[in-house]
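Using the sequences and the hints given, assemble the complete structure.
Each chain, written out:
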Amino acid sequence: MVPEIGHFALVVALVFSFALMCLPLLGAQVNNQMLMATGRSLSAGFFVFVTVSFACLVYAFVADDFSVSYVAGHSNTLLPVYYKVSAVWGGHEGSLLLWVMMLAGWTLAIALLSGALPRDLQARVLAVMGFISVGFLLFILLTSNPFDRLLPMAPQEGGDLNPLLQDIGLILHPPILYMGYVGFSATFAFAIAALLTGRLDSAWARWCRPWANLAWGFLTVGIALGSWWAYYELGWGGWWFWDPVENASFLPWLVGTALIHSLAVTEKRGAFKSWTLLLAIFTFSLCLLGTFLVRSGVLTSVHAFANDPERGVFILMFLLVVVGGSLTLYALRAPVVKNHPGFSWLSRETLLLGNNILLMVIMATVLVGTLYPLIADALGWGKVSVGPPYFNMFFIPLMGVLCLLMALGPSSNWKKTNPMQLVKVLWRPWVISMVIGLLFPIFYAEGYSWLAALSVFVGSWIFTSLAADMLHRMRNAKNWREGLRKLSLSYHGMIVAHAGIGVTLIGVCLNSIYADLRDVGMHPGVAVQAGNYEFTMDSVYTVQGPNYIAEEALVVVTKDGEFLREMRPQKRRYLAGGKVMTQVALAPGLLRDLYLAMGEPLDDEGAWAMRVHLKPFVRWIWLGALMMAIGAAMAVADKRYRKRKTSKAQGPSSGTNQA
Amino acid sequence: MNRLKLFLPLAVFGVLAVLFWRGLSLDPHAMPSARLEQPVPAFELRTIRDEEGRITPEVFLEHDYSLLNIWATWCAACRVEHPFFVELVEREGVPIYGINYKDDVAAAARWLEELHDPYVLSVVDQDGRLGLDLGVFGAPETYLIDGRGIIRHRHVGVVNWEIWERDFRPLIERIKEGG
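Chains as they are written, first to last, in this note's numbering: chain Z, 377 to 1035; chain X, 77 to 255.
Among the hints, a few may not be true.
Unchecked claim - DSS-like cross-link-like pairs, simulated, lysine-lysine; straight-line CA separation at most 30 Å:
hint	chain 1	residue 1	chain 2	residue 2
1	Z	1015	Z	791
2	Z	800	Z	854
3	Z	792	Z	862
4	Z	791	X	81
5	Z	644	Z	854
6	Z	792	Z	644
7	Z	644	Z	791
8	Z	854	Z	792
9	X	81	Z	792
10	Z	644	X	81
11	Z	955	X	178
12	Z	644	Z	1015
Note that these hints are calculated values from the structure, not bench results. What you are looking at is a predicted structure, and each value in this text was computed from that prediction instead of being measured.
Structure, rendered in structure tokens:
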């Protein structure tokens, strides 16, 4: 019964979103206030019914209703209840429902928080959100219904959630990533609405910016969570594999990054207007591509398309309508700029343009690398795989240039920057970071690494130039506290986010240069040396988990002869599917991680193959990502985006209200 | 003139879309039929129950028709499909051969013990060689094989009664009539 209610609620939600797509838009075209005003209540209705539907699916999982085919495929009576809930988005159908659920949330947020927008603009924005919802709901109902029943023969036991997904990282990763994906639907809706109304001024950019920043922040955290999960759960010790699934989430991030910068120019200088619109369209298109391709399995194999032509055709048609439609609209309606607000060769505009071009080039290389195997396979050129060497060859140098230039941006002026002024502010940071970079490898490890010197130099260059810029801006303040307060919250946000890039960069580089990876045979009682650390396996014994049985090794770690800690890696066998998983033991630290993963038993005397890794600075990678997201949140919270005349609608979660 | 430049993104997208569409319609959907109307590829494999003996495709010649099902313990959908085969054997006595595909043999034996074994026997295709020869996408897959050892039908994914009546039954009738 409950699954049928869920199914029905989804149909009702479709009706609501269809109305949302049509009525406010119609109202805006004929200038009918009442029709325009329907947008808000329709958004609420849409949200309520999607929530009901989602709750029904959660209920089906928690109650072990294996007559529902999706539940039977992704859950199991033995699963702890929190994994049952997260199993809701463990597969294609459920994750699409989660997507729509978030879309409904963002739509409602726009409806509630955008009271200050001109009526017709708000109506059009909501109508675009309605249009996207219609597409997704139709896709779910026609091809991927999570409420389909396995009747009359419901299995007694479910097939189990993939053990890889039974983990806190994967409970959080998809919802947060989707918050990012879906968030860019808001900027997309704003862009389309701007094209429809033909109004694209700095007010428009100001409304748009908080949504873009928020979505970008979520996307950043989502990607970082995915990478963190891969690091400790997959048991290979890597944290980024350039695999198509990861790339699918990274592509919108790259264009999204370009978008938030381009929006800044549009707001402050009224330039780059068409470009900003194009970026908004691109970002959302890539989000759609990512959502569809990852979950439909097309990225791993084109055969997924062939197996399920219904889904494949729908996806392609929907992408065609969204991307093709919006680009057509763009071609017809985008403002043709007659006289540019000029800027000189050295100005903040130029630097941000450089940022945009670099990011787009990086995006293009990643996109080609991701889709090439797919295209080659489809055209019968054979199976190829594009590996990390390709990506690294383009990504690292381009990103390096981007980071070097990044330091100049904040210190430069709009319109025209005097080179001497830049030199005056930035020569000290350059020298200081040069010194830090050159000295670091000497003190950190034996054997001088020029690469380490270079990466520490670039990282420090980012930090010190940000600091220099801050000091420069505060030079007239009486004391530093007052100076800090005078700088706007979004400026602080920018500083934190940029510093986050530096932190991640240092983490990435030093981790790959200094990591100590070894696969060893561990015999009970025999110490294994790695760096300053000694690992001694004490014993291996059996542990019983809620839905698995594990072999657990107790390993004692000493540093320079002194006891440091115990580590307990596991090899788990899950009862339902019989899958075997390694559970990594980690000793995290700000400057290094110790990483232990169990391989296979070597003999009958208790010796095991063991993977022992020292991972310097690996935490910095995610710390930096977190800083970027915090920076984005600070920028969103800046009161400049809120209208002076505040009204009752206050967004507790986002603080993005333009109400 | 400036307006024309704005059509550039659309044009690029159009070209990409055409390429993509062509690529996907060229997709080897033909692949499922590559083995159709062909004999089962040669193999010589042990079974789950019997470590010593070796099974060859000649077993298919013993029946008027038989099913060949690819399964594994790691495959959730196989678990969903399993009760159907048990029932199929009970009701209609269809001979079903299993290919235990890239699996842990001990786990597979346990699975058959716990869930009931509908198979005449299951051969062990540990390295996936036979699966490769058959052109397996993934588990489960089910093949209908006639008395001459020729593959007459292939189904990718879970088989249930609906699919059985629709896709398999008519072919079996035809095979029985000597077609």
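Going down the list of hints, with the structure as the test:
Distance restraint check for residue 1015 of chain Z and residue 791 of chain Z: the Cα-Cα separation of roughly 25 Å lies within the 30 Å cut-off, and the hinted pair is therefore satisfied. At roughly 22 Å between alpha-carbon atoms, residue 800 of chain Z and residue 854 of chain Z fall within 30 Å of each other, so this suggested pair holds. Proximity of residue 792 of chain Z to residue 862 of chain Z is assessed by CA-CA distance (about 24 Å); at most 30 Å being required, the pair is judged to hold. Simply put, residue 791 of chain Z and residue 81 of chain X have alpha-carbon atoms about 25 Å apart, close enough for the 30 Å limit, and the pair holds.
Our distance criterion of 30 Å between C-alpha atoms is met by residue 644 of chain Z and residue 854 of chain Z, whose separation comes to about 28 Å. Proximity of residue 792 of chain Z to residue 644 of chain Z is assessed by CA-CA distance (about 14 Å); at most 30 Å being required, the pair is judged to hold. Between the alpha carbons of residue 644 of chain Z and residue 791 of chain Z the distance comes to roughly 11 Å, so the proposed pair stays at or under 30 Å and holds. Between residue 854 of chain Z and residue 792 of chain Z, the direct Cα distance comes to roughly 29 Å. Compliance with the 30 Å bound is thereby established for this hinted pair.
Between residue 81 of chain X and residue 792 of chain Z, the direct Cα distance comes to roughly 28 Å. Compliance with the 30 Å bound is thereby established for this hinted pair. Only pairs whose Cα atoms come within 30 Å are accepted, and residue 644 of chain Z paired with residue 81 of chain X is accepted, the gap being roughly 25 Å. Using a Cα cut-off of 30 Å, the hinted pair residue 955 of chain Z and residue 178 of chain X holds, with the two alpha carbons roughly 12 Å apart. Restraint check for residue 644 of chain Z and residue 1015 of chain Z: the C-alpha separation of about 16 Å stays at or below 30 Å, so the hint holds.
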